[in-house]
Structures are given as structure tokens and as C-alpha cells.
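K.L.:
Residue-level listing of the chains:
Protein chains: 2
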Amino acid sequence: MIPRRKHNESSGSLPPPDDKHASNDYILSDSASRDRLCAALRRRFNRKTLHKRVPITAWLPQYNMEKAVGDLIAGITVGLTVIPQSLAYSNIAGLPPQHGLYGSFLGCFVYIVLGGCRAVPAGPTAIASLLTWQVAGGVVEKAVLLSFLAGIVKLLMGVLGLGFLVNFVSGPVSSGFTSAVALMIATSQVKDLFAITVTGDTFLQQWISIFRNLHSAALWDPVLGFVCIALLLLMRKIGMTKLGAKSESGPNTRQKVITKCMWLLGTCRNAIVVVATGVLGYWLVATYGHSPVRLMGVIPSGVPVPQLPPFSYVRADNTTADFVDMVSELGSGLLVIPLIVLLEDIAICKAFSDGRTIDATQEMIALGVAGIANSFMQAYPGGGSLARSVVCNGSGVKTTFNGLYTGLMVILALQFFTQYFEFIPKAALAAVIVSAILFMVEYNVIKPMWRAKKLDLIPGVGTFVLCLTLPIELGILTGVIVNIIFILYHAARPKFSVEMLKTEAGVEYLMITPDRCLMFPSVDYVRRLVIKFAASGSVPVVLECTHIYSADYTAAKSIEQLTADFHARRQPLYFYNVKPSVCSIFEAVAKPEHFVVFYEDEELDRLLAADDRLAPVKQPPPPHHA
Amino acid sequence: MIPRRKHNESSGSLPPPDDKHASNDYILSDSASRDRLCAALRRRFNRKTLHKRVPITAWLPQYNMEKAVGDLIAGITVGLTVIPQSLAYSNIAGLPPQHGLYGSFLGCFVYIVLGGCRAVPAGPTAIASLLTWQVAGGVVEKAVLLSFLAGIVKLLMGVLGLGFLVNFVSGPVSSGFTSAVALMIATSQVKDLFAITVTGDTFLQQWISIFRNLHSAALWDPVLGFVCIALLLLMRKIGMTKLGAKSESGPNTRQKVITKCMWLLGTCRNAIVVVATGVLGYWLVATYGHSPVRLMGVIPSGVPVPQLPPFSYVRADNTTADFVDMVSELGSGLLVIPLIVLLEDIAICKAFSDGRTIDATQEMIALGVAGIANSFMQAYPGGGSLARSVVCNGSGVKTTFNGLYTGLMVILALQFFTQYFEFIPKAALAAVIVSAILFMVEYNVIKPMWRAKKLDLIPGVGTFVLCLTLPIELGILTGVIVNIIFILYHAARPKFSVEMLKTEAGVEYLMITPDRCLMFPSVDYVRRLVIKFAASGSVPVVLECTHIYSADYTAAKSIEQLTADFHARRQPLYFYNVKPSVCSIFEAVAKPEHFVVFYEDEELDRLLAADDRLAPVKQPPPPHHA
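Residue numbers (the working numbering), protein chains in the order written: chain A, 135 to 760; chain B, 135 to 760.
Some hints here could point you the wrong way.
As the list claims (entries may be wrong) - Just the calculated beta-carbon pair ranges, DEER-fashion:
1. A:D745 <-> B:V575: 35 to 41 Å
2. A:Q339 <-> B:R187: 45 to 51 Å
3. A:K725 <-> B:I580: 31 to 37 Å
4. B:V575 <-> A:Q339: 24 to 30 Å
To be verified - Derived lysine-lysine pairs resembling DSS-like cross-links, with alpha carbons at most 30 Å apart:
5. B:K532 <-> A:K666
6. A:K725 <-> B:K484
7. B:K725 <-> A:K588
8. B:K394 <-> A:K666
9. A:K725 <-> B:K394
Since the hints were derived computationally from the structure, they do not count as laboratory data. Each residue gets a CB set at the ideal place from its N, CA and C atoms; glycine is no exception.
Kindly generate the complete structure, drawing on both the sequences and the hints.
P.N.:
Have a look at this one:
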């Protein structure tokens with residue numbers, strides 16, 4: 135059915151398959167590409183590695199005016215997004231608002247040089263902020279050290295090639311996690327939206343506390359908050375509208391201009407709301423001397439002086455925690471935060487890759503160095519955020535150079551505008567977060583998941599529920615483990631097709647075809663089923679091994695036992711189309727006179743004719759219980 | 135190459151494959167057999183289940199004089215083995231010697247009724263004894279409760295169908311574990327062999343202690359011990375010799391009789407050495423009033439009165455440990471001991487199965503009930519032991535009924551002979567253990583493992599080293615986890631073959647064939663490689679899916695992204711020979727106009743002709759860094 139193929143050069147080092155061995159092995163492309171890479175390295179080590187590891191060297195020589203304009207517009211637009219986001223997200227992390235801004239410029243500059251994806255403006259993210267709150271508990275020193283150490287972990291993971299770990303977080307687990315985090319972040323904003331006190335660590339406890347304290351809610355905070363949410367959602371909707379898109383001639387010039395303006399309104403909605411409510415707050419304080427809604431309060435002005443991240447701090451009870459204490463307090467967060475940040479970042483890179491492959495290693499290195507640099511500016515952990523990437527991509531970004539303008543805008547804000555930030559109402563910032571975060575609840579994946587594979591709902595929904603009820607890292611870990619169990623079950627329970635066939639000479643035989651590799655969890659099951667199928671008749675048995683692409687020692691032992699068993703009961707057992715690599719594993723253990731392999735249909739008749747086990751006496755299968 | 139096949143009835147419920155869908159799915163034999171089982175249950179629920187769950191009902195009606203003689207001889211021979219073994223193994227468990235005998239009769243009787251493998255005489259085993267020592271620390275009450283609770287765990291595992299867990303212990307891990315345990319058991323006997331004090335928990339600590347204390351060794355204990363070991367090894371060698379086996383006419387009658395006598399000498403070697411040294415000890419005490427070698431000491435006489443296992447005990451410091459305390463002290467041993475006992479038992483059953491399948495569930499139920507029963511006789515955990523099974527099988531056992539005679543002999547020994555046991559030298563029992571246990575070190579698996587799959591040496595040798603250095607359950611757990619990582623790596627890194635082919639119309643295309651299923655850990659890797667291969671030219675790409683027997687939602691998402699990417703860069707991508715089950719998963723997520731499947735070679739030309747993406751402009755692949 136499949137035509138005989140000519141091997142291409144890209145299949146590389148493998149010799150063409152032996153004609154008798156019709157089943158050829160697969161090429162481990164990874165090692166082939168590594169070989170190619172090695173050869174390439176020898177030829178042009180300097181330039182290729184440099185372009186790969188310092189991507190700016192690849193694109194800067196081709197930089198031109200058109201790209202510069204695209205990057206300028208994108209950088210400024212992202213700057214208008216990241217400033218209100220930074221103020222709001224540091225609230226999620228339980229830190230003073232300036233620490234969000236501190237993490238929004240130096241990392242951007244680093245990413246220009248090292249980053250591989252043009253649409254990733256590095257800075258505070260909602261998920262990283264929530265995790266920072268859970269790990270550092272609102273202690274600035276711990277959050278900054280966390281940024282430093284998480285940066286080192288990311289860098290190490292990049293250098294050690296551990297990026298593949300991210301692949302073990304499947305789509306359903308990732309969706310469940312993101313959705314749970316979105317709900318938790320929204321919950322964390324309720325206190326500012328209603329100006330109430332909320333206690334409790336878990337999602338459930340917090341909602342109980344919210345309903346208990348709702349009676350003490352202020353009047354104007356929720357009014358302002360919900361008006362802001364409504365405005366933000368409206369502007370978001372307006373921003374997504376495209377005039378004239380449905381008309382056959384396409385949009386005309388006026389429609390295009392209006393569409394662009396509406397897009398700008400939608401993109402800058404956070405900045406607009408924050409500036410407008412800030413002006414409102416300023417006016418209220420200037421006019422009445424106080425504000426009926428709670429305001430941000432004083433924010434220290436100026437760009438922070440670079441300094442080493444803190445390696446000790448004084449606890450609330452006046453004891454000093456040294457470096458070892460801090461590391462042990464940060465605990466599993468030192469691994470969880472880098473992994474989650476990478477997970478989010480690589481998902482973004484993939485979404486905006488335009489079909490290019492993602493260099494996960496380079497992303498880890500870039501984010502690692504950015505995190506370390508940020509920690510010298512007293513920032514807490516961050517990474518790429520989907521919301522900003524959407525804005526960035528939509529603004530016509532060309533290269534990572536856009537980060538320069540974003541970073542400069544944040545520096546300007548820190549230097550000149552912080553005294554105005556204190557008049558921004560807390561409820562407005564909460565509205566910014568809530569109206570963005572709700573779209574992170576991925577309820578829309580449930581339907582395709584249900585249609586594609588219902589079983590995948592278990593890790594998806596399970597992770598969602600567990601992240602809301604357990605500590606968040608335990609929730610995602612459990613989801614990953616459940617998903618790994620699926621893979622192990624797969625490895626342990628191959629499927630079979632069983633057919634009664636006739637050779638050309640008319641001899642009946644039983645063809646048993648397992649559909650996947652033989653590894654230790656499945657070999658016993660395979661052996662049991664083969665014996666069971668074979669016991670239903672005394673005909674020769676052929677084990678078709680086309681799909682057995684791999685085997686191990688335990689499988690070989692089991693095959694040896696199987697061949698010995700069949701030999702003892704005088705029932706012929708042959709192996710058909712065994713790949714050379716698998717064959718050598720079996721031959722190393724099984725007795726050669728028991729382990730008979732053939733590759734052409736015609737051989738079977740010859741084998742059967744020569745087999746003295748096919749005596750006229752047809753022995754019945756032995757009873758199950760002697 | 136493979137002829138079109140006719141489906142057999144055993145493939146059951148699946149309809150014949152659609153002609154357009156050349157790739158048919160595999161039948162999950164497990165569910166097919168479950169269906170068959172259900173049907174069978176409806177027809178003859180009573181008899182079949184009864185025979186399966188109470189195996190005695192299957193074989194007792196066919197019991198005859200020939201079988202009775204075989205069982206009698208086997209039962210008595212095993213009895214002569216189990217009595218010295220029980221005395222010696224209880225020493226390994228750190229318990230008074232009578233507790234080994236207490237565990238050697240009631241369990242045998244239970245196994246007659248419930249056991250599925252005729253060659254498994256249930257009783258104390260070396261490995262279970264060592265684990266009991268590690269878990270219960272020589273406290274009788276804890277060891278007996280452990281037997282009770284481990285029995286319940288085994289029973290539950292049987293009822294819940296958790297026997298498959300044993301399959302995750304691969305051959306290499308099992309060999310490494312057994313070898314390490316053998317060395318630890320041998321080490322534990324050095325103190326009796328040299329009559330010295332040995333301290334330390336780990337293998338290394340114990341050997342350091344042995345070398346430190348060796349100067350204080352007695353003279354006659356090691357002399358007697360090593361003479362016994364020499365004699366035991368000699369008798370073992372004699373027992374394995376077969377006279378006249380090499381002559382062409384086969385052995386004559388005299389040779390046969392002598393061979394049988396030598397076999398008997400080899401089989402009863404433990405009993406002979408124990409009785410002979412016991413007589414020696416009695417004579418020494420009777421003649422000189424004391425013995426120059428250390429003797430066993432007084433053993434309480436009589437069969438124990440059945441009583442509930444202890445649910446509390448008084449600690450050395452006079453505090454009382456209640457049931458909850460005891461369970462928490464036993465800890466992970468409650469899971470480890472049942473699993474290890476089952477592992478050993480099922481390995482034995484397989485070795486003596488004569489090609490029959492093993493009912494792991496029934497073994498768990500039988501051993502579980504036997505363990506519970508034994509705990510009422512104040513025994514500690516046990517199971518099937520390979521040494522006894524070899525003897526049992528070699529003595530011509532026919533059914534599990536042999537256990538009756540073994541059990542009766544133990545009862546006789548308890549009732550009438552315990553006062554003579556006190557004169558058995560400790561060094562002689564140590565010699566019995568050491569000369570048996572050394573053959574459990576599986577150094578001979580290294581060579582075939584090296585030839586079959588060198589990678590399997592890592593979990594094998596790793597488990598061996600870790601079991602000797604860490605707590606033993608951590609050692610085997612680490613081995614299992616390392617082995618599971620192999621499977622996960624397998625799932626994450628499929629191999630590819632890449633070929634440049636031509637259609638019948640002469641159009642070149644790239645055929646990419648992954649060799650296994652698409653699950654979440656591998657999908658990113660697959661996508662990356664496909665993009666990489668495809669970027670090397672702008673020819674149409676065909677993804678051959680014959681070997682993709684399974685997929686999940688994450689894979690479908692990745693395929694969707696892949697098809698969208700190819701669509702965006704106007705490079706055609708087709709899917710060849712997708713199994714219907716996999717196809718429906720992909721179709722649930724991917725856009726139908728992007729996801730094109732074909733099943734016949736001829737279709738490809740038609741598809742290519744119709745594809746407007748194959749424009750004359752050959753677009754170069756986009757550069758890696760924009």
C-alpha cells in the first residue's frame with residue numbers, strides 16, 4: 135500500500151534498510167539534527183551561536199525606518215498598558231504599587247538584546263503576581279529575592295536544557311490552572327471593589343468572608359468600580375469592532391480611520407480609565423479636602439537606585455531572617471514560579487510565532503537574565519503577559535526594540551508622575567484587573583475538549599477545582615500527575631487486533647498485532663493476552679511486530695518466557711516484521727531456536743513446513759487450573 | 135505487503151473498516167474480553183466465578199490417588215525445608231524464632247482453598263522478614279498487626295483490581311532490589327556467624343561495625359558456621375548433579391536411583407544441617423554442661439491459641455501505643471510489604487506457570503486472607519518463597535493440597551519438637567540463610583541486560599545501590615520512578631522518518647512519519663520538527679499517521695496550530711492514513727478547510743491539483759528571527 139521509498143539525505147546516517155528487513159527503524163531526528171548542528175558549529179561557530187543566543191545581532195543589521203516606526207508605536211501603546219497594569223498587579227502581589235513599575239523597564243531592555251519573540255514585553259503578570267503573593271506573603275525583601283533566585287533558576291533551566299519540562303503541562307491542565315488563577319485574582323480584587331476587609335487563604339474561605347463582610351461595603355467605591363468595569367468592557371468591545379469589514383469592497387478610508395481610532399480607544403482603555411479616575415480623585419481632594427472613594431496613597435517618586443537584592447530581612451516579630459531562612463521560606467515557589475512563568479511565556483510565543491519554531495532555551499535565558507536584572511531594581515517576578523502581547527502585536531510591532539520605548543515611558547512615569555498616581559482610586563485599578571482577568575477563564579475550551587477527548591476533561595476540570603481548593607502549586611502538580619498516569623496507562627495497556635488468516639499454502643494461523651511498543655508495564659499484559667488468544671486453538675501463532683517501535687529488557691525476558699512456553703506446549707510461534715533494533719534486544723535474551731523471525735509472507739509456509747512442532751497430534755490447550 | 139485480512143470473530147464488536155479508511159483501529163482486547171466475560175457470567179455465573187475465586191472447587195473433583203501421592207511427597211519435603219527456614223527467617227525479622235513457625239501452617243491451609251498456583255507454599259520469606267524488621271523493628275505486636283493490615287491491603291488490592299501496579303516494577307528494578315536485599319540479609323547474619331555485636335542501620339554502617347568488632351569474634355561459632363556453609367553448598371551441588379544424563383542411552387536404573395537420592399540430599403540439606411548441629415549442641419551441653427557455640431535458647435512449646443492481633447502495645451519506655459500510633463509507626467510499610475510480597479509471589483507463579491496465565495487478582499486475595507489468618511496465630515508477614523517453590527515443584531507437586539502436609543508437619547514440630555530446637559547453634563541457622571541467600575544476588579542478569587538494552591542497567595544498578603544506601607522502600611521507589619521517566623521520555627520524544635517522494639504525476643512532496651502516538655508531552659516537539667523539516671523547502675508536506683494510534687486534546691490543539699501555520703504560509707499540509715479515532719479527535723478542534731486527510735496514494739495528486747496554495751510563486755521559508 136505504501137510505496138517503497140527512497141531515503142532522503144535528511145534521514146542522514148542510517149544505511150538503507152536491508153532488503154530482508156522490510157521494517158526499517160526510525161531515525162531519531164533529535165540526534166540527527168544535533169549532528170547537523172555540530173557540523174554547522176564547526177563551520178560557523180561564532181555567527182550562528184551569536185545570532186541564536188544574542189538575537190539582537192541577527193535583526194539589528196537589517197533594522198530600518200519602517201521597522202523603527204512600527205516599534206515606536208507599539209512601544210508607546212504597550213507603555214500606556216503596562217503602567218496601569220503594574221500599579222494594579224503589585225496590589226495582587228500584596229506589595230507597594232511602585233514595585234510593579236520597578237519591574238517594567240530594565241527587564242524590557244534586557245529582552246531587547248536577548249529575547250527571541252518580538253511580541254513579549256517583559257513585566258509584571260497577573261499569574262506571577264498571585265504566585266508571588268502566595269510565596270512571599272507581601273514581604274518586599276522576599277519578593278525581590280524571589281525575582282533574583284527565580285531568574286537564576288530560569289537561567290539554569292535554559293543552560294541545562296530543561297525547557298522540555300513545560301511540555302508535561304498539557305493543554306487541559308494549563309487551561310484549568312489559568313482559569314482557576316483568573317478566578318482567584320478576581321476574588322482578590324473584591325476587597326478594593328467594595329472597600330471591605332477580606333480574610334482567608336483559599337478561594338472558598340475568601341468568598342465566605344466576602345459574603346460576611348458585604349454589609350459593611352462602602353457606597354461610592356463599588357459604584358465607581360462597576361462603572362469603570364462597564365466602561366472598560368464597552369471600550370474593549372468598541373476596540374474589537376471593524377467598520378465596513380462585511381461590505382464587499384472592503385472598508386473605505388473613512389471607515390479605516392474610524393476603525394483605527396476605535397482600536398486605539400480599546401487598546402488604551404486601561405490608561406484612559408486610570409487617568410480619568412485619577413483626575414476625578416484629584417479634583418475631589420482639591421475641592422472637598424477628602425475623597426469619598428479610597429485612593430492609592432503616596433507613591434515614592436524616582437527611578438530606584440540599583441542595589442543588590444536583599445539577602446536577609448527583619449520579620450514582623452523583629453527577628454532577622456538570613457539567606458537560608460528566606461530560601462526555605464520561599465520553598466517550592468523557587469521552582470513553581472519559573473515553570474509557570476515559562477509556561478505562560480512559551481504559550482504567548484507560540485501564539486505569535488507566525489509559524490516559526492520557538493527556541494524555549496533562549497526564552498528561558500532571556501527571562502532569567504531579565505528577572506535577575508529586575509531584582510536589582512527591587513522588582514518582583516514577572517514575565518510575558520498575554521494582554522500586553524495582544525496589544526503589542528496589534529500595534530504593528532516589528533522587533534523586540536519596542537521594549538526601549540516602553541521602558542523609557544515607565545522611567546518617565548516614575549520620575550515625573552508618581553505624585554499624581556496617589557489620586558487614582560483603588561476601585562478603578564480593581565476594575566482594570568477584573569475586566570481583563572475574566573477573559574482568562576477558559577470556559578470555551580470545554581466544548582472542543584468534550585468533542586475531541588472526554589477523558590481530557592478529568593485533568594482539566596480536576597486542576598481547576600484543585601487549584602481553587604488546595605495550595606495552587608499542589609493543584610497544578612496533581613493535574614500533571616493525573617495526566618502522566620494517562621500516559622502510563624497507555625504504555626501499560628496496548629491494544630490488539632487478532633485475526634485468523636491462511637498462508638498461501640492454505641495453513642491456518644493466528645495473527646496477533648499489538649499496536650505499540652513493548653515496555654515493562656505492558657509486557658505481562660501482552661504475554662497474558664497472547665497466551666489467552668493462542669489457547670483458543672492449537673494453530674500456529676504469528677506475532678506481528680510492525681508497530682513495536684521499541685522494547686526493553688523486561689520485554690525481552692517476557693518474550694523469552696513466551697517462546698519457551700510455546701515451545702514446551704509444541705505450538706509454533708513466529709515473529710513477523712520485527713524492527714532490527716527491537717530484534718537485537720529480543721535476541722540478546724531469548725533462545726535463538728525458540729525465537730523465529732520472518733519478514734516476507736512467503737517465508738511463513740517454509741517455516742511451517744520445516745517446523746516439527748506442527749505434529750499431526752493437535753494438543754488441546756492445558757486447563758487453566760491443574 | 136501485508137495481505138488484506140478477514141476479521142475474525144474474536145475481534146468482536148468492531149465493524150469491518152470502511153474502505154476509504156484503510157487504517158483500522160485496534161480493538162481494546164481488555165474491553166472485548168470484559169464483554170465476553172459479562173456474557174459468560176450471565177450464562178454460568180455460579181460455576182465459573184466459583185472456580186476462579188475458590189480454585190479448590192475446580193481441582194478437587196478431579197483429585198485422584200496419583201495426585202495425592204505427588205502432593206504428599208512434596209508437602210513433606212517442603213515441611214523439612216520450611217521448619218529450619220522459619221526459625222532462621224524470624225531471626226532476620228528480629229523476632230523470637232517460634233513466630234516464624236506460627237506463620238507456616240494456617241496460611242498454607244488457606245492457600246489450599248484459595249491459591250491458584252500449586253507450587254507456592256505460603257510462609258515466611260527472606261525479603262518479607264527483612265522488611266518486617268525494618269518496619270516493625272522487632273516488636274512482636276507491631277509485626278503481627280503488620281501481618282493483619284498487610285493482609286487486608288492485599289485483599290483490598292485484589293478486590294479493587296490494583297494488581298497491575300506490580301507491572302510498574304520492571305525486570306531491572308526487581309533484580310536490583312532482590313540482589314540488594316540478599317546482600318543485606320547476608321550482612322544481617324554476620325553477627326551470628328562470628329558471634330559479634332553489629333550496630334548500624336544501613337549496609338555501609340553495618341559493615342563498618344563488622345570490621346570494627348571482628349577482633350572480638352568467637353572461635354567456634356565461625357568455624358561451625360563456615361563448615362555448615364561449605365557442607366550446604368556441597369549438598370546443593372550434589373543435589374543438582376544428574377548421573378548418566380550425558381550418556382546416549384540416558385541414565386540406567388541404578389543411576390536414576392542414585393540421582394534421586396542425591397536430589398533428596400540436596401533438597402533436605404537445610405534440615406540435615408540443622409538436625410545434625412542440633413544433635414551436636416545437645417551432646418555438647420549434655421556432656422560438658424555448656425556449649426562453646428551460641429545456641430538458640432528456649433522456644434515456647436505448642437501451637438498458639440488463636441487470638442485477635444494486638445491493637446495496642448506497651449513501648450520500651452512504658453508508654454502505651456494505641457492502634458492509631460501503631461498504624462502511623464508502620465507507615466509506608468503497610469503499602470510496601472504487600473506490594474513486594476506480591477511482586478515475589480507473582481514472579482514465582484510465572485516461573486512455575488507452565489505457560490498458563492496467572493490470575494494476579496486471585497493471588498492477592500489468597501495471600502491477603504492467608505496473611506489475615508496468620509495474624510491470628512501471631513505470625514508476621516510472609517508469602518511465597520522461591521526456594522520452597524523450587525523444592526515443591528521438584529518434588530512432583532500436583533495441586534495446592536500439598537500445603538496440608540507441610541502445615542501438619544509444622545504443627546507437629548511446634549507441639550513436640552520445640553524443646554530440641556533450643557540446642558540448634560545460631561551459627562548453623564545463619565549458615566542456612568547465607569548459603570541460600572547468596573544465590574539471590576542476580577549478577578547473571580547484567581550480561582543479557584548489557585546486550586539487550588544498556589540503558590536498562592541504570593534503573594537496575596541504580597536500584598541496587600540505592601536500596602543498599604537509602605531506606606529500602608525509597609530505593610525501590612526511586613528505581614521505579616527512574617524507569618517511569620524512561621517511559622515519559624519515550625512518550626515525549628517520538629522518532630521520525632523524513633523522505634522526499636514523488637507522486638505518480640511527478641510532484642515532489644515531503645513525507646514525515648512519526649513512529650508513535652501523539653500525546654501532550656510530545657506534541658510541541660512534533661510541531662517544531664515538522665515546521666523545521668518543512669522549512670527546508672516549499673514543497674507540499676504529508677504527515678503519515680499510520681503509527682499514530684492515539685492522540686489527545688493537546689495534540690489536537692497543536693495540529694490545529696500547525697495546519698493554521700501552514701495555511702498562513704501557503705504551504706500545503708495533508709494527513710495520510712489517519713485512524714478514525716484519531717481523526718475524530720483532530721477534527722473536533724482543527725478547522726476542516728485546513729485539516730485534509732487522504733487514505734489512497736492516488737488521492738494526493740487530485741488534492742495537489744485542486745490546492746490553490748500551490749501557486750507558481752515559491753515562497754521562501756520565513757527567516758527564524760524577524
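K.L.:
Below or equal to 30 Å on CA atoms is what counts here, so check K394 (chain B) against K666 (chain A).
P.N.:
36 Å, violated
K.L.:
Would you mind confirming whether the straight-line C-alpha gap from K725 (chain A) to K484 (chain B) stays at or under 30 Å?
P.N.:
Judged against 30 Å, a Cα distance of about 18 Å means the pair holds.
K.L.:
Between K532 (chain B) and K666 (chain A), does the CA-CA distance stay at or below 30 Å?
P.N.:
23 Å, holds
K.L.:
Please work out if K725 (chain B) and K588 (chain A) have their alpha carbons no farther apart than 30 Å.
P.N.:
Within the cut-off at roughly 19 Å; holds.
K.L.:
The hint says 24 to 30 Å between V575 (chain B) and Q339 (chain A); measuring C-beta to C-beta, is that right?
P.N.:
Violated - the Cβ-Cβ distance for V575 (chain B) and Q339 (chain A), about 56 Å, lies outside 24 to 30 Å.
K.L.:
Between K725 (chain A) and K394 (chain B), does the CA-CA distance stay at or below 30 Å?
P.N.:
29 Å, holds
K.L.:
Could you tell me whether the CB distance from D745 (chain A) to V575 (chain B) stays inside 35 to 41 Å?
P.N.:
39 Å, holds
K.L.:
Falls inside 31 to 37 Å, the C-beta gap from K725 (chain A) to I580 (chain B)?
P.N.:
Taking Cβ atoms as reference, K725 (chain A) and I580 (chain B) lie about 19 Å apart, which means the hint is violated.
K.L.:
Between the beta carbons of Q339 (chain A) and R187 (chain B), is the distance compatible with 45 to 51 Å?
P.N.:
Because 48 Å falls inside the window, the suggested range holds.
Consistency note: the structure conflicts with the earlier hints numbered 3, 4, 8.
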